[in-house]
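Q: Using the sequences plus the hints, can you model the full thing?
2 protein chains.
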Amino acid sequence: MSEALARLRAALGERVDTGAETVEAARADRSGFRSAGAPLAVVHAESVADVQTVLRIAHATGTPVVTRGAGTGLAGGANAGPGEIALSLRRMTRILEVSPDDLLAVVEPGILNGDLDAALAPHGLWWAPDPASRAISTVGGNIATGAGGLLCAKYGVVRDAVLALDVVLADGRLIRTGHRSVKGVTGLDLTALLIGSEGTLGVVVGATLKLRRRVAGAVCTLTALFPDVRSAAAASAAVTAAGVQPAIMELLDAASVAAISALLRVPDVAAGAAQLTIQTDGPAAAAEADTIARVLREAGGRVALTADPEEGERLLAFRRAMHPAMETLGTALIEDVSVPRSRMAEMFDEIERVAREHDVVIPTVAHAGDGNLHPNFVFDGAEVPERVWAAADDLFRAALRLGGTLTGEHGVGVLKRRWLADELGDDQWRLQRDIAHVFDPRGILNPGKVFTP
Amino acid sequence: MSEALARLRAALGERVDTGAETVEAARADRSGFRSAGAPLAVVHAESVADVQTVLRIAHATGTPVVTRGAGTGLAGGANAGPGEIALSLRRMTRILEVSPDDLLAVVEPGILNGDLDAALAPHGLWWAPDPASRAISTVGGNIATGAGGLLCAKYGVVRDAVLALDVVLADGRLIRTGHRSVKGVTGLDLTALLIGSEGTLGVVVGATLKLRRRVAGAVCTLTALFPDVRSAAAASAAVTAAGVQPAIMELLDAASVAAISALLRVPDVAAGAAQLTIQTDGPAAAAEADTIARVLREAGGRVALTADPEEGERLLAFRRAMHPAMETLGTALIEDVSVPRSRMAEMFDEIERVAREHDVVIPTVAHAGDGNLHPNFVFDGAEVPERVWAAADDLFRAALRLGGTLTGEHGVGVLKRRWLADELGDDQWRLQRDIAHVFDPRGILNPGKVFTP
Numbered sequence: 001m002s003e004a005l006a007r008l009r010a011a012l013g014e015r016v017d018t019g020a021e022t023v024e025a026a027r028a029d030r031s032g033f034r035s036a037g038a039p040l041a042v043v044h045a046e047s048v049a050d051v052q053t054v055l056r057i058a059h060a061t062g063t064p065v066v067t068r069g070a071g072t073g074l075a076g077g078a079n080a081g082p083g084e085i086a087l088s089l090r091r092m093t094r095i096l097e098v099s100p101d102d103l104l105a106v107v108e109p110g111i112l113n114g115d116l117d118a119a120l121a122p123h124g125l126w127w128a129p130d131p132a133s134r135a136i137s138t139v140g141g142n143i144a145t146g147a148g149g150l151l152c153a154k155y156g157v158v159r160d161a162v163l164a165l166d167v168v169l170a171d172g173r174l175i176r177t178g179h180r181s182v183k184g185v186t187g188l189d190l191t192a193l194l195i196g197s198e199g200t201l202g203v204v205v206g207a208t209l210k211l212r213r214r215v216a217g218a219v220c221t222l223t224a225l226f227p228d229v230r231s232a233a234a235a236s237a238a239v240t241a242a243g244v245q246p247a248i249m250e251l252l253d254a255a256s257v258a259a260i261s262a263l264l265r266v267p268d269v270a271a272g273a274a275q276l277t278i279q280t281d282g283p284a285a286a287a288e289a290d291t292i293a294r295v296l297r298e299a300g301g302r303v304a305l306t307a308d309p310e311e312g313e314r315l316l317a318f319r320r321a322m323h324p325a326m327e328t329l330g331t332a333l334i335e336d337v338s339v340p341r342s343r344m345a346e347m348f349d350e351i352e353r354v355a356r357e358h359d360v361v362i363p364t365v366a367h368a369g370d371g372n373l374h375p376n377f378v379f380d381g382a383e384v385p386e387r388v389w390a391a392a393d394d395l396f397r398a399a400l401r402l403g404g405t406l407t408g409e410h411g412v413g414v415l416k417r418r419w420l421a422d423e424l425g426d427d428q429w430r431l432q433r434d435i436a437h438v439f440d441p442r443g444i445l446n447p448g449k450v451f452t453p
Numbered sequence: 001m002s003e004a005l006a007r008l009r010a011a012l013g014e015r016v017d018t019g020a021e022t023v024e025a026a027r028a029d030r031s032g033f034r035s036a037g038a039p040l041a042v043v044h045a046e047s048v049a050d051v052q053t054v055l056r057i058a059h060a061t062g063t064p065v066v067t068r069g070a071g072t073g074l075a076g077g078a079n080a081g082p083g084e085i086a087l088s089l090r091r092m093t094r095i096l097e098v099s100p101d102d103l104l105a106v107v108e109p110g111i112l113n114g115d116l117d118a119a120l121a122p123h124g125l126w127w128a129p130d131p132a133s134r135a136i137s138t139v140g141g142n143i144a145t146g147a148g149g150l151l152c153a154k155y156g157v158v159r160d161a162v163l164a165l166d167v168v169l170a171d172g173r174l175i176r177t178g179h180r181s182v183k184g185v186t187g188l189d190l191t192a193l194l195i196g197s198e199g200t201l202g203v204v205v206g207a208t209l210k211l212r213r214r215v216a217g218a219v220c221t222l223t224a225l226f227p228d229v230r231s232a233a234a235a236s237a238a239v240t241a242a243g244v245q246p247a248i249m250e251l252l253d254a255a256s257v258a259a260i261s262a263l264l265r266v267p268d269v270a271a272g273a274a275q276l277t278i279q280t281d282g283p284a285a286a287a288e289a290d291t292i293a294r295v296l297r298e299a300g301g302r303v304a305l306t307a308d309p310e311e312g313e314r315l316l317a318f319r320r321a322m323h324p325a326m327e328t329l330g331t332a333l334i335e336d337v338s339v340p341r342s343r344m345a346e347m348f349d350e351i352e353r354v355a356r357e358h359d360v361v362i363p364t365v366a367h368a369g370d371g372n373l374h375p376n377f378v379f380d381g382a383e384v385p386e387r388v389w390a391a392a393d394d395l396f397r398a399a400l401r402l403g404g405t406l407t408g409e410h411g412v413g414v415l416k417r418r419w420l421a422d423e424l425g426d427d428q429w430r431l432q433r434d435i436a437h438v439f440d441p442r443g444i445l446n447p448g449k450v451f452t453p
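Residue numbers (our numbering), protein chains in the order written: chain A, 1 to 453; chain B, 1 to 453.
Accuracy of the hints is not assured; some may be wrong.
Which copy? The list can't say, so a pair holds if one copy fits it or any two copies do.
Unchecked claim - EDC-like cross-link-like pairs, simulated, lysine to aspartate or glutamate; straight-line CA separation at most 16 Å:
id, residue 1, residue 2
1, 210, 160
2, 154, 352
3, 154, 101
4, 210, 117
5, 210, 46
6, 210, 97
7, 210, 101
8, 210, 310
9, 210, 3
10, 210, 383
Hints in this document: simulated from the structure, not taken from any laboratory.
Predicted model only: the values in this text are computed from it and were never measured.
A: What follows is the structure, encoded as structure tokens:
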């Protein structure tokens with residue numbers, strides 16, 4: 001037994017789990033990637049003190065630490081390998097404070113996004129970052145990846161919704177970054193730097209979240225079918241140009257619509273049709289929905305509109321069936337490029353080109369309000385084939401050419417580390433790596449992720 | 001002539017200004033602080049290449065560089081001293097791009113906030129960060145300090161409204177941080193780290209700003225007089241608790257109201273009265289204003305409400321007269337603490353205590369929606385007397401006790417550097433200083449500011 005494991009056992013007893021199934025599960029997230037082998041152990045931390053103990057031992061023994069939440073990541077950022085400690089925060093689920101007066105909550109990182117939402121609802125409060133994975137993903141994972149979701153164009157990203165963090169540093173010391181107030185500019189904004197840092201700078205053990213009041217009034221839902229993805233993309237741009245701000249605006253391309261239609265046995269969808277699903281909320285929801293319906297019809301869409309919640313849920317169900325529909329096609333590598341809204345139609349052209357040239361099926365769903373696209377590279381078997389990687393490489397470079405980014409909300413992890421310097425440039429890449437080194441001089445925090453070329 | 005100055009002259013000619021008045025002006029901002037003496041020169045950069053030239057020469061010769069915009073800072077962060085280069089970006093005022101489709105603008109840092117606003121208005125667009133100094137302060141200064149303003153509770157702070165930055169590093173290299181898309185999590189968020197870094201990490205030479213569409217519809221304005229500041233603070237908390245979100249909610253304490261009433265010759269204000277000024281906007285402006293009027297009356301306020309723009313301007317004029325009113329009292333050290341909204345009444349108690357115990361007059365205006373208070377320490381003469389410093393020290397410590405922060409929006413500069421570690425803790429203070437060192441290994445970027453204890 002390694003010295004690190006012996007010391008962890010002595011300090012943390014049964015919270016150090018070396019069960020074969022547990023360590024095996026810690027090799028993977030939902031990206032389809034697995035590490036080279038099982039980690040030393042999974043430590044189920046139950047307190048800040050537990051996390052500090054793990055980091056002190058890891059620091060003293062030079063043992064790598066891979067922090068994990070629910071393991072729902074899509075970039076391999078939390079996959080733990082041989083010789084590494086998998087530090088699970090999934091048991092740290094307490095809500096330490098909810099303050100309706102200050103519109104904030106203080107939570108532990110392991111709470112599921114959906115559970116937090118359920119706890120805030122009775123207060124009439126809401127934490128806006130709302131990943132599609134909310135039922136199964138943690139707040140800590142949301143912060144570690146800088147995750148996004150469906151509502152970002154209107155309600156912002158994670159970085160806009162975190163006031164302060166409690167962070168255990170690589171050597172076990174605890175710092176508190178940020179503020180409990182809306183404003184605060186004392187020193188450098190380490191809170192923002194830590195958001196999206198994917199476990200490379202420290203371990204987030206507590207978060208002070210900036211809440212909103214729940215949006216009152218009706219929610220209106222629209223769907224619209226278009227003859228092709230370009231016209232659907234143009235229609236979504238026309239919605240934005242009309243000056244209305246939907247809460248949700250999702251675009252499904254033809255391959256996605258076809259797969260979902262087959263799964264749900266929806267008969268009357270024309271071949272090649274693409275679809276928009278849009279929701280409006282707030283005091284102007286009905287007026288905005290009417291404007292949007294007009295814009296979509298003028299753009300050639302076949303529009304359905306409802307203010308009825310049940311009917312709205314029924315319309316949304318089509319979009320929600322994207323992932324199950326992909327599973328009917330094979331294994332999917334879910335990508336995550338983001339481009340300026342105005343370049344979205346061009347990005348769809350590029351996806352079509354990449355699919356054709358590399359002979360890969362790439363059904364794509366986009367958060368059309370913010371230009372974030374999720375191309376699903378479909379293949380057979382468990383391993384990503386080389387031609388899919390070649391296609392993904394082509395796709396990433398296309399996104400960069402269009403002024404876009406490799407990853408809108410999933411993170412870099414292991415999946416995209418080899419393209420990181422392409423986007424950042426060598427000077428910035430080195431600068432970022434040197435900053436990470438200040439936090440983690442011994443290189444024990446999630447090594448091999450993000451900054452390993 | 002120093003080597004640095006000779007090389008600057010050779011490279012940049014007349015843009016290197018050693019005129020006595022110019023270098024003298026670069027010693028100060030609007031904080032009331034002056035550096036120990038005039039800088040070597042003021043360089044009026046006109047392009048990114050000019051800035052790179054300055055930094056290359058500064059780096060080669062080990063000469064400190066103090067970046068300046070319009071010199072309207074309130075913390076001494078841009079004051080340049082002996083042996084230093086004052087690098088003025090005030091001539092870099094171009095708007096390089098406005099994209100209504102992508103809701104972004106790319107600008108040079110020297111443009112005034114007000115000029116940018118005027119240029120965006122015809123597009124129906126708006127950059128929300130709106131400091132009270134907008135007519136005289138630059139976008140670059142706004143970014144360097146992480147400035148706030150009156151609208152932050154509803155529309156966010158600078159950090160929420162910048163997508164990407166072009167930054168010249170300490171040795172003259174240029175990097176581009178961030179994204180043109182709403183979402184993007186590729187690597188560490190250096191954009192956010194640079195915002196509010198007060199010239200210690202690099203020189204921002206370009207900014208991609210996240211715009212909003214201008215808010216349509218009527219703006220409603222309310223004022224309400226209360227018998228004392230505690231009841232006004234309680235009323236502002238009741239407004240927030242009622243679930244409405246004003247665009248503006250300003251609180252003037254009794255000393256401020258008295259000084260403004262005297263200046264504007266408003267006769268009918270009772271002694272000891274405090275005032276709230278509130279604006280609502282957006283589709284629910286009228287309904288929200290009605291709710292707020294009811295809440296304020298129930299809280300004991302004497303309320304005026306109007307949807308007429310001219311009458312609204314007249315009501316706002318009282319709040320706008322705060323600074324001129326302070327000038328009638330003497331010299332003012334304008335402070336900038338921020339506390340959680342729920343602690344604002346306690347903070348006013350603390351201000352009253354500090355004023356009494358240190359025998360200082362401290363009229364205070366607060367952005368009540370976000371808990372940011374500006375106590376004005378009034379004194380005679382140009383130099384801040386020691387008893388005022390002692391009072392400010394007492395006040396800062398009170399803000400920290402209440403879970404608040406030293407500075408909500410003005411920054412640390414020289415004014416608050418000695419309290420920085422009190423708020424951050426020693427571990428985080430050292431971590432921040434080490435991060436700054438990665439950006440600036442030779443220590444030439446704004447030395448003596450922020451991280452100098």
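Q: All hints, please: hold or fail.
A: Evaluation of the provided hints:
no.	hint	result
1	210 <-> 160	both (8 Å within a copy, 13 Å between copies)
2	154 <-> 352	neither (29 Å within a copy, 41 Å between copies)
3	154 <-> 101	between (23 Å within a copy, 15 Å between copies)
4	210 <-> 117	within (13 Å within a copy, 28 Å between copies)
5	210 <-> 46	neither (24 Å within a copy, 40 Å between copies)
6	210 <-> 97	within (12 Å within a copy, 32 Å between copies)
7	210 <-> 101	within (12 Å within a copy, 29 Å between copies)
8	210 <-> 310	neither (30 Å within a copy, 35 Å between copies)
9	210 <-> 3	neither (41 Å within a copy, 51 Å between copies)
10	210 <-> 383	neither (40 Å within a copy, 40 Å between copies)
When the structure is compared with the earlier hints, violations turn up for hints 2, 5, 8, 9 and 10 and for no others.
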